Amino acid sequence: MSNDIMDIDKWKNDLPFLKDVWKRIDDFDKAVEKDENYNQRLLICDLIIKLSNGDKEKHNDVCMKLLRNLGHHSKDDKFLRHTPERCNNLNNWIYYSMKKHIIPENIITGCFDDYNAFMRGIVTDPRCSYYSYDTDYIEPIKIIKLRNFQDNINIIESTMKNKTEPNYSLCQKYICECVNIYKSMFKAHCSHVIPTNNIKLKKTCDVLKAFNGSYSAFLYNKEQHRNQGQEQL
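Per the working numbering, the very first residue in the sequence shown carries number 849; after that it's consecutive.
What the hints contain is simulated information worked out from the structure, not anything from laboratory work. Note that the structure is a prediction, hence the values are computed from the model and not measured. Backbone N, C-alpha and C define an ideal beta-carbon position, used for all residues, glycine too. Be aware that one or more of the hints could be misleading.
[What the hints assert, rightly or not] The calculated PhoX-like cross-link candidates involving lysine-lysine, where the alpha carbons are at most 25 Å apart (straight line), are:
| hint | residue 1 | residue 2 |
| --- | --- | --- |
| 1 | Lys923 | Lys948 |
| 2 | Lys1050 | Lys1021 |
| 3 | Lys947 | Lys898 |
| 4 | Lys882 | Lys871 |
| 5 | Lys1051 | Lys1011 |
| 6 | Lys1051 | Lys1035 |
| 7 | Lys993 | Lys867 |
| 8 | Lys1051 | Lys993 |
| 9 | Lys871 | Lys858 |
| 10 | Lys1031 | Lys1021 |
| 11 | Lys860 | Lys1050 |
| 12 | Lys1011 | Lys993 |
| 13 | Lys898 | Lys882 |
| 14 | Lys993 | Lys1048 |
| 15 | Lys1009 | Lys1021 |
| 16 | Lys923 | Lys882 |
| 17 | Lys1035 | Lys867 |
| 18 | Lys1051 | Lys926 |
| 19 | Lys993 | Lys1009 |
| 20 | Lys948 | Lys993 |
| 21 | Lys860 | Lys1035 |
[Stated by the list, open to error] Simulated restraints on C-beta separations:
| hint | residue 1 | residue 2 | range |
| --- | --- | --- | --- |
| 22 | Lys898 | Ser1006 | 47 to 53 Å |
| 23 | Ser1064 | His949 | 23 to 29 Å |
| 24 | Glu905 | Ile1042 | 25 to 31 Å |
| 25 | Val971 | Lys1050 | 41 to 47 Å |
| 26 | Gln888 | Ala1036 | 23 to 29 Å |
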């Protein structure tokens, strides 16, 4: 698969220590069951796809899954407890699904518009926002990898504590990959003064800055990890 497309199956194989992430993404992609809110979601997706000049046969499945995953048309209130990590994973699934199934972005934004309208109706701030990776970030796949690192820093740290850990070598390789991504992107895009009107560049550099902080605080600054070959940024 091309480097500019998320190869989830390869990531699962290369990064088994992030099994909880892959399970969440698999859960997001499960078939939509016909519960008591199924017909309501179906009507909403019909409207979203129609307004987007989409193809119901091709686009309805992802639309229905996204409405279910956002959770605002459900019988429970779990949608009020979206964590930042869950939101990041949801956006990763969205990006993967858009590329795999060639889903127009306005169908995705239509689902979030419905979610945001619902949240306004109950006078509550949205718990999750849509990340338009292609629009908002330079080299989006690399940005996704760095965000995954940040979200799972505790798992990575735990895996690296013991060289006998089965996934130790794979985790070390992943850390090196992320460090190299950071260095190459920082040198190419963020090592100079960032124009205030370049929002895409600013958002990209903000992710790099956050990665630097996570890596330094949780890995490099710990003596045991320096002894295990982790390098300074």
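A quick look at each hint next to the structure:
1. Proposed proximity of Lys923 and Lys948 is contradicted: the alpha carbons are some 30 Å apart, above 25 Å.
2. Between the alpha carbons of Lys1050 and Lys1021 the distance comes to roughly 28 Å, so the proposed pair goes past 25 Å and is violated.
3. Taking the CA atoms of Lys947 and Lys898, the gap is about 20 Å. The hint holds against a cut of 25 Å.
4. For a cut-off of 25 Å, the pair hint linking Lys882 to Lys871 stands: about 22 Å separates their Cα positions.
5. Proposed proximity of Lys1051 and Lys1011 is contradicted: the alpha carbons are some 36 Å apart, above 25 Å.
6. Under the criterion of a C-alpha separation no larger than 25 Å, the hint pairing Lys1051 with Lys1035 is consistent with the structure, at around 16 Å.
7. A distance of roughly 15 Å separates the Cα atoms of Lys993 and Lys867; the hinted pair therefore holds under the 25 Å criterion.
8. Under the criterion of a C-alpha separation no larger than 25 Å, the hint pairing Lys1051 with Lys993 is consistent with the structure, at around 15 Å.
9. This hinted pair checks out: Lys871 and Lys858 have alpha carbons roughly 14 Å apart, not beyond 25 Å.
10. About 15 Å separates the Cα atoms of Lys1031 and Lys1021, which keeps this hinted pair within 25 Å; it holds.
11. With a CA separation close to 30 Å, the supplied pair Lys860 and Lys1050 exceeds the 25 Å bound.
12. For the proposed pair Lys1011 and Lys993, the alpha carbon gap of about 23 Å is at most 25 Å, so the pair holds.
13. Between Lys898 and Lys882 the alpha-carbon distance is near 22 Å, which keeps this suggested pair within the 25 Å criterion.
14. Of the pairs offered as hints, the one joining Lys993 and Lys1048 holds, with about 17 Å between alpha carbons and a cut-off of 25 Å not exceeded.
15. For the given pair, Lys1009 sits about 15 Å from Lys1021 by alpha-carbon distance, which is consistent with the 25 Å threshold.
16. Between Lys923 and Lys882 the alpha-carbon distance is near 13 Å, which keeps this suggested pair within the 25 Å criterion.
17. Of the pairs offered as hints, the one joining Lys1035 and Lys867 is violated, with about 32 Å between alpha carbons and a cut-off of 25 Å exceeded.
18. Straight-line distance between C-alpha atoms of Lys1051 and Lys926 comes to about 29 Å, which puts the hinted pair past the 25 Å bound.
19. With a CA separation close to 22 Å, the supplied pair Lys993 and Lys1009 stays within the 25 Å bound.
20. Between the alpha carbons of Lys948 and Lys993 the distance comes to roughly 18 Å, so the proposed pair stays at or under 25 Å and holds.
21. Distance check on the hinted pair: Lys860 and Lys1035 sit about 29 Å apart at the alpha-carbon level, beyond 25 Å; violated.
22. Taking 47 to 53 Å as the suggested C-beta distance range, the pair Lys898 and Ser1006 conforms, at roughly 48 Å.
23. Distance hint check for Ser1064 and His949: the Cβ-Cβ separation is about 38 Å, which falls outside the suggested range of 23 to 29 Å.
24. In this structure, Glu905 and Ile1042 break the distance hint of 25 to 31 Å, their C-beta atoms being roughly 44 Å apart.
25. Look at Val971 against Lys1050: about 31 Å separates their beta carbons, and that is not inside 41 to 47 Å.
26. The hinted range of 23 to 29 Å is not satisfied by Gln888 and Ala1036, whose Cβ atoms lie roughly 47 Å apart.
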